[in-house]
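K.L.:
Each chain, letter by letter, is given below.
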Amino acid sequence: SQELEQSPQSLIVQEGKNLTINCTSSKTLYGLYWYKQKYGEGLIFLMMLQKGGEEKSHEKITAKLDEKKQQSSLHITASQPSHAGIYLCGADSGGATNKLIFGTGTLLAVQP
Amino acid sequence: KAGVTQTPRYLIKTRGQQVTLSCSPISGHRSVSWYQQTPGQGLQFLFEYFSETQRNKGNFPGRFSGRQFSNSRSEMNVSTLELGDSALYLCASSSFVGQGETQYFGPGTRLLVL
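Same order as they appear, the protein sequences are chains F and V. The opening position of the first sequence corresponds to residue 1 in this note's numbering, with each subsequent residue numbered one higher. The opening position of the second sequence corresponds to residue 1 in this note's numbering, with each subsequent residue numbered one higher.
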């Protein structure tokens, strides 16, 4: 079965610093989703990547899917306290289903 | 459009009781999926419904069940509650079923079993 590993597990950065979160899959990714979660709340959709080499940006967040479609990265530029939360990557499990396989998450704290 | 809504937001139950959680998808969305989130296991898929039919089921005991109504609203039921059922239950909706279909999540229902 497919597994997603995220690194680092947690991250503390000073406001204004850049950071990168990685998501590595044990199998080829056919759809990779990035979500953000505030503790104890629902998941907020950030971006979805499907094609090898694809890159998407929204405000100060950029997500990339490598050419081999087994690794994705999420990069935040000039971090702000509002970026704090848990970042989760999720992968399409394949077939005619919406089931997502999720990584273990990365906890991000941004110090003012 | 209004987002995915879940009720209730918080629940406290005792072992052996049963519970029903409700999810209203985004207007026009016909697919609803349920996930359980715990600190130890992370996010795990429970089941998925489309047009009132269960399309997929995760590896959970039969105590966990669900259904979807003709208006796409969905409910999940947990019978004979155990302490380990304490979790955040999240539902997600999407327009259709298949790869590349973005799922939008609700705020979750926090269940505490005492």
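It is possible that some hints are incorrect.
Some chain V residues near chain F, calculated using beta-carbon distances under 8 Å [as the list claims (entries may be wrong)]:
hint, residue
1, F45
2, E48
3, F60
4, E82
5, G84
6, S86
7, L90
8, G98
9, Q99
10, T102
11, P107
12, G108
Straight line, CA to CA, 30 Å or less: simulated DSS-like cross-link-like pairs of lysine-lysine [as the list claims (entries may be wrong)]:
hint, chain 1, residue 1, chain 2, residue 2
13, V, K1, F, K60
14, F, K36, F, K69
15, F, K64, F, K38
16, F, K17, F, K60
17, F, K38, V, K13
18, V, K57, F, K38
19, F, K64, F, K36
20, F, K69, V, K13
21, V, K13, F, K56
22, V, K13, F, K17
23, F, K38, F, K27
24, F, K38, F, K17
25, F, K51, V, K13
26, V, K13, F, K36
Because the hints were derived from the structure by calculation, they are not lab data. Glycine residues also receive a C-beta, built at the ideal position from the N, C-alpha and C atoms.
K.L.:
Looking back at the hints listed earlier, which ones does the structure fail to meet?
P.N.:
3, 4, 5, 6, 20, 21, 22, 25
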